[in-house]
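Undergrad: Start from chain G and add chain W according to the hints.
Number of protein chains: 2
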Amino acid sequence: MTKKLIAVLRGEPSWPPPVWLMRQAGRYLPEYRALRAKAGDFISLCTSPDLAAEATLQPVQRFGMDGAILFSDILILPWALGYGLRFAEGEGPILPRLTSQDIARLDPTRLERALQPVLEAIALIRLRLGDQAALIGFAGAPFTVACYMVEGGGSKDHVLTRAMAYRSPHDFDRLMTILTEATIASLSLQIEAGAEAVMLFDSWAGILSPSLFRRFVALPAARIKAALAARFPAIPLIGFPRLAGALLGVYAEISGVDAVGMDTATDPAFAASLVPAPTALQGNLDPVALLAGGAAMTAEVARILGALRGRAHVFNLGHGILPETPPAHVAELLQLIRRADGVA
Amino acid sequence: MTKKLIAVLRGEPSWPPPVWLMRQAGRYLPEYRALRAKAGDFISLCTSPDLAAEATLQPVQRFGMDGAILFSDILILPWALGYGLRFAEGEGPILPRLTSQDIARLDPTRLERALQPVLEAIALIRLRLGDQAALIGFAGAPFTVACYMVEGGGSKDHVLTRAMAYRSPHDFDRLMTILTEATIASLSLQIEAGAEAVMLFDSWAGILSPSLFRRFVALPAARIKAALAARFPAIPLIGFPRLAGALLGVYAEISGVDAVGMDTATDPAFAASLVPAPTALQGNLDPVALLAGGAAMTAEVARILGALRGRAHVFNLGHGILPETPPAHVAELLQLIRRADGVA
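Which chain is which? The protein sequence lines are G and W, in order. Residue numbering for the first sequence follows this note's numbering, starting at 132 and increasing by one per position. Residue numbering for the second sequence follows this note's numbering, starting at 132 and increasing by one per position.
One chain only, chain G, in its complex shape (with noise of 0.2 Å):
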């Protein structure tokens, strides 16, 4: 029998809709502020495939999501090509800022076995998981991965990155055309592990100009959806091109992708216009909402689901989860949602 969460993910509605949170195995609970300290450094929590699992079911047992997605980081990608990463404690990634010279050395016949710790996980977690909610796998989308890499690390206006963009197209072409490359052979693998549906995370979709986010987000996912289609055609992609804003139905339209995820900012009966049926919807509860909880959340949860009823929709939060995040919050709007004859 498929899942509810692939059902809808393929544009079938259900209500209540089935639901995951974004960050849902983290910081915000004990068990796993427990594992990261037995794993030692993040990179290793990623790549251990005992703890990596546990890590991703973490949440699904304390909770029951419908969805339980890989514990693992866009930037273990480029880490896979053999482009140097570590984390700072508080500061996030670190990586080399990138040069021309940089991309020649980008590695692609690395990557299936870099990965390989990484599909351990997946073939543990599904085996674990067994019918209690859908394994997703994930990438960052090319445009953030490159985002990480020309700027060193977080960025708050990716400069940088976009004067590259302009300064020179024909490296950051290249630069594009190996990472969208890359993404389609790593979440290729992780299908063939066990993922049962793959999600693209761009998270700085929204810093572009109008042509820029047409060429270096909308086509890449365009290109990842038809690749992975002419291989995996049961296997919908979730695209998160976050604060796209007005531009999410030509990302929708132009991508193709099975559903698109909205984020904190959009308005869910605006999204529902933007992107036709039977594309699905996923998000987009504020996460300081649940962070607060109480009625605020509560009226925040029955407007989202009072504007895509009817809709393929997947619950989700518009952005991850905080690490301030009290976990009985959490349980409180899975209950919500889950009786939510009462709340819409």
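Derived by calculation from the structure, the hints in this document are not laboratory data. None of these values were measured; they are calculated from a predicted model. Some hints here could point you the wrong way.
If you anchor each label on the Cβ, the simulated ranges turn out as follows [to be verified]: (1) G:Gly437 - W:Glu222: 55 to 65 Å; (2) G:His301 - W:Leu350: 46 to 56 Å; (3) G:Pro300 - W:Ala462: 23 to 33 Å; (4) G:Gly437 - W:Ala361: 29 to 39 Å; (5) W:Arg469 - G:Thr429: 53 to 63 Å; (6) G:Pro407 - W:Ala426: 30 to 40 Å; (7) W:Glu312 - G:Asp262: 50 to 60 Å; (8) G:Pro144 - W:Phe363: 50 to 60 Å.
Each residue gets a CB set at the ideal place from its N, CA and C atoms; glycine is no exception.
TA: The following block gives chain W in isolation, referenced to the frame of chain G:
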């Protein structure tokens, strides 16, 4: 005779469009850096009428924009209400983190006196500017100013501010009311001193969920527009809800502003469909395209001009000019726009 910029802001199309640039007075200009060194700290520069006037006029004298925007800062408003403010070199503004008690201590009776040097700067600018360009006054929108106060400075995700809005709606509403009234007072004083148009900068509008966006972005803008329209019906108000995305239409409709600013990520043609004429549109060249210059900039300029031809459009950037921008690129941009028949 009505200045071209003002006529367009009131809804009359003009070709080629009038142009000014956000942060056109600033660090990319050597003459500004010399002035800044002379003034000492940043608040002294904003509150020395002669120096603030000179900073305002520098780019207009060098490049001949159609608009001169008052050299000031959105945080001069809370400062004028008695709220602590300092600028640390390279770190941006530092303020106390707002407490409930602080709200009661904000003192609107200080406002007019504290703003006196700013109003004197406006009078000086008008005298020196003559018919060359129109003078634009401005304020931070209440939500964005509240963000800086609650967070104690800049922030990546403004979790404290949004958590306050969800958890302590009474306190947050009180803060928003005080800031909205102070904004009306400040903009009214600026208009009386000589500002020919005014602009509301809501830099963080895009982080809110749609329901909070209506309440804390669109409705305060509507109150400000209504109050100004009653006293100064001929003075246009530009609203800039940055990253509002698909909510731009909602903002235009609820607020009733005369012109809507488009950020870099906004598709001008789509914005034109969301925001009906005669409301003017302002924007939105990517500041990174201006930094890069050359063919990439020319193509982006042509795209924007072409998309908005026939609409009341004020050419501008989608975000503030970057400090690394070569002044020669600004001169080139103004030439491109003014011989626009060649590019669009």
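Undergrad: Take the hints in turn and mark each one as holding or not.
TA: Results of checking the hints against the structure:
1. G:Gly437 - W:Glu222: 55 to 65 Å: 43 Å, violated
2. G:His301 - W:Leu350: 46 to 56 Å: Given range 46 to 56 Å: holds, Cβ gap about 48 Å.
3. G:Pro300 - W:Ala462: 23 to 33 Å: Given about 24 Å between the Cβ atoms, the range holds.
4. G:Gly437 - W:Ala361: 29 to 39 Å: Since the Cβ atoms of G:Gly437 and W:Ala361 sit about 37 Å apart, the hinted range of 29 to 39 Å holds.
5. W:Arg469 - G:Thr429: 53 to 63 Å: 55 Å, holds
6. G:Pro407 - W:Ala426: 30 to 40 Å: 36 Å, holds
7. W:Glu312 - G:Asp262: 50 to 60 Å: 58 Å, holds
8. G:Pro144 - W:Phe363: 50 to 60 Å: Distance hint for G:Pro144, W:Phe363 holds at roughly 51 Å.
Figure legend: structure checked against the earlier numbered hints; the only hint not met is number 1.
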